[in-house]
Amino acid sequence: MKKRNYNLIFGIIITTFVVILLTIGIFWTPYDPDMMNVKLRLTGPSPEHILGCDNFGRDIFSRVLKGGVSTLWISVFTVLFGLVCGVIVGAFTGYYGGVLDEVVMRLNDVLNSFPSILFSLVIVSLLGPGKKNVVIALGLLFIPSFARITRSEFSRIKNMDYVKCAKLEGVPPLRIMFVHILPNAVNTLLSTTAIGFNNAVLAEASLSFLGIGVQPPDPSLGRMLAESQTYLFSAPWYTLSAGGMIILLVLGFGLLSDGLGDIE
Amino acid sequence: MYILKKTVSLILTLFLFSFAAFMAFQIIPGDSVVAMLGTEATPEQIAQMRSELGYDRPILVRYWNWISGFAKGDLGISLGYRMPVAEILKDKIPVTAALSVLAFLIILVVSFPLGILYAKLLGSPLNSLLVGINQILMSIPPFFIGIIFTFVFGLGLRLFVPGNFISRTEDPLKFWTYLFFPALAIALPRCAQTIKLLRASILTEMTKDYVRSGTSRGNTKNRLLYVHVLRNALIPVITFLAMTFSGIVAGSIIIEQIFVIPGIGRLLLLSISNRDYPMVLTIVMIIALVVILMNYLADLLCQIVDPRTRLR
Numbered sequence: 001m002k003k004r005n006y007n008l009i010f011g012i013i014i015t016t017f018v019v020i021l022l023t024i025g026i027f028w029t030p031y032d033p034d035m036m037n038v039k040l041r042l043t044g045p046s047p048e049h050i051l052g053c054d055n056f057g058r059d060i061f062s063r064v065l066k067g068g069v070s071t072l073w074i075s076v077f078t079v080l081f082g083l084v085c086g087v088i089v090g091a092f093t094g095y096y097g098g099v100l101d102e103v104v105m106r107l108n109d110v111l112n113s114f115p116s117i118l119f120s121l122v123i124v125s126l127l128g129p130g131k132k133n134v135v136i137a138l139g140l141l142f143i144p145s146f147a148r149i150t151r152s153e154f155s156r157i158k159n160m161d162y163v164k165c166a167k168l169e170g171v172p173p174l175r176i177m178f179v180h181i182l183p184n185a186v187n188t189l190l191s192t193t194a195i196g197f198n199n200a201v202l203a204e205a206s207l208s209f210l211g212i213g214v215q216p217p218d219p220s221l222g223r224m225l226a227e228s229q230t231y232l233f234s235a236p237w238y239t240l241s242a243g244g245m246i247i248l249l250v251l252g253f254g255l256l257s258d259g260l261g262d263i264e
Numbered sequence: 001m002y003i004l005k006k007t008v009s010l011i012l013t014l015f016l017f018s019f020a021a022f023m024a025f026q027i028i029p030g031d032s033v034v035a036m037l038g039t040e041a042t043p044e045q046i047a048q049m050r051s052e053l054g055y056d057r058p059i060l061v062r063y064w065n066w067i068s069g070f071a072k073g074d075l076g077i078s079l080g081y082r083m084p085v086a087e088i089l090k091d092k093i094p095v096t097a098a099l100s101v102l103a104f105l106i107i108l109v110v111s112f113p114l115g116i117l118y119a120k121l122l123g124s125p126l127n128s129l130l131v132g133i134n135q136i137l138m139s140i141p142p143f144f145i146g147i148i149f150t151f152v153f154g155l156g157l158r159l160f161v162p163g164n165f166i167s168r169t170e171d172p173l174k175f176w177t178y179l180f181f182p183a184l185a186i187a188l189p190r191c192a193q194t195i196k197l198l199r200a201s202i203l204t205e206m207t208k209d210y211v212r213s214g215t216s217r218g219n220t221k222n223r224l225l226y227v228h229v230l231r232n233a234l235i236p237v238i239t240f241l242a243m244t245f246s247g248i249v250a251g252s253i254i255i256e257q258i259f260v261i262p263g264i265g266r267l268l269l270l271s272i273s274n275r276d277y278p279m280v281l282t283i284v285m286i287i288a289l290v291v292i293l294m295n296y297l298a299d300l301l302c303q304i305v306d307p308r309t310r311l312r
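Taken in sequence, the protein lines are chains A and B.
Under our numbering, think of the first position of the first sequence as 1, with each following residue one higher.
Under our numbering, think of the first position of the second sequence as 1, with each following residue one higher.
Any given hint might turn out to be false.
Chain B is faced by these chain A residues, among others (derived, beta-carbon under 8 Å) [to be verified]:
hint, residue
1, Pro115
2, Leu126
3, Gly130
4, Val186
5, Thr188
Selected chain A positions facing chain B (in silico; Cβ < 7 Å) [unchecked claim]:
hint, residue
6, Asn108
7, Val110
8, Leu111
9, Ile117
10, Val122
11, Ser125
12, Ala166
13, Leu202
14, Phe209
15, Thr230
16, Ser234
17, Gly243
18, Ile246
19, Leu251
Just so you know, these hints were derived from the structure itself, not from any lab.
Keep in mind it's a predicted model, so treat the numbers as computed, not measured.
Virtual Cβ for every residue (Gly too), placed ideally from N, Cα, C.
Please build the complete structure, drawing on both the sequences and the hints.
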């Protein structure tokens, strides 16, 4: 009997749910996420405001949606940045090997062993805070992991007969790399991409939590958590809503990555 | 031979990293001298300050002065505090070190027995439940756990007073109780990761041929697990734990912020917002040093546990 891939099933369910919710959030939120209403300051969940209101009387559900959207956008761009650069670096080093390969991989090792949050802190502190710089900082950090995976796939596949055949037929190297080898590396890359999303969400939330990620007035899950700390006693639902959204995102992508990795 | 190779690579990595970090802080926008003296400083004052701090010398000379000073323990002058960096760090490093080591110990103590137990439970109905819980724990960011902990254990159960940090010299017991909760907040998701890895590693190892031959010779499952399998299963876990340590040190940056712990993480964030670059550079270098050394130690430990790695 074939074992069910529960990781993949739950991963797809959770991620789809969150992504649909956030896609709705791009176009529509129950209230204006920036609309303040002093009367509703720190009121608890109610039928009108299902997750309650924050310290300015803003609807938390709307803000969680907007914050989640901004976290997701940053993650998408970060992962794309890391993926594209990483695949190019990994493709060349894996296909050609040699000295270039050694140098790039040592450099990768250094980057990889280093705590990502510290690196992004330094880069963002050098470039200044803001969405764009967070994407650059995190994207740079993601290159090594993608490069490593791509490289190992390419150096494995390049010795297969069909690649040798293509070489004999005189197919140009670039075409071999990106038309013939890359499609066969996609499976492995998918799993790495999912874990990349997982890391991106966590890193973005951490940076915003520390106040150097997304800047006000843009809502951000990390900053909501930081703000909610003060009102933990009077409004625990504030903390739980922002944290819950982060957990859902991270859990979904984590399960997805595990599930994709289990596919033979 | 293996140790020599690893040591050379360690030194090279340290040089490479320190150079990259140093250079990164030379191209920053915004002049820290101007930030220090204020916008009303005359060009002469700025020039004088620059030469006092040695900013007018060639970049390679400055790098050499900085790195040789670093090796001797002379870490430069903080622009924000106008004090030697070493002086300021003297009280902060032990706090962060205590926090990180405590978190690391929690991970070791919790995840080894549980990882083995989880592996043994394969096939039992408990298995999926535990794996599920583990997966959820892995996904909770440490700072969220930290906030919950200050709420539950600090404000609720009053086991410690959030924000009222007690130094080690004042009351060692209260110092460690205070640090226990932030350490646990850092450790929990990483425990879950370690458990997952150890479990998977044991289960993969269990399918190998030597285990089958071992069973056919009448060894009990426990004997096989503890005497033969565990040693091999530990190799990926050791490498992972070294990476975890770097994650712990980095995680302490955020956790110190939540629990108001006066360690180097808080100092780092403060120095970043003050544009105190000598301080930031020093802290980054110290953390890098710890991380790179831990990876080096893990490599050495791996080849003791598994002599095969020496050949690679």
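Hint check:
1. Pro115: Result: holds, 3 Å to nearest chain B Cβ.
2. Leu126: Check passed: Cβ of leucine 126/A comes within 5 Å of chain B, closer than 8 Å.
3. Gly130: Hint on glycine 130/A: violated, closest Cβ of chain B at ~13 Å, above 8 Å.
4. Val186: Since the shortest Cβ distance to chain B is 24 Å, the answer is violated.
5. Thr188: 17 Å, violated
6. Asn108: 12 Å, violated
7. Val110: OK, holds: valine 110/A within 7 Å of chain B, min 6 Å.
8. Leu111: For leucine 111/A, the interface hint is violated, since the closest Cβ of chain B sits about 10 Å away, which is over 7 Å.
9. Ile117: 5 Å, holds
10. Val122: Where the cut-off is 7 Å and the nearest Cβ of chain B is about 6 Å from valine 122/A, the hint holds.
11. Ser125: Nearest chain B Cβ about 4 Å off; hint holds.
12. Ala166: 31 Å, violated
13. Leu202: Result: holds, 6 Å to nearest chain B Cβ.
14. Phe209: 6 Å, holds
15. Thr230: The hint is violated - threonine 230/A has no Cβ within 7 Å of chain B, the shortest such distance being about 11 Å.
16. Ser234: 11 Å, violated
17. Gly243: 4 Å, holds
18. Ile246: 6 Å, holds
19. Leu251: It holds, given that the least Cβ distance between leucine 251/A and chain B is near 4 Å, below 7 Å.
Of the numbered hints listed earlier, those contradicted by the structure are 3, 4, 5, 6, 8, 12, 15, 16.
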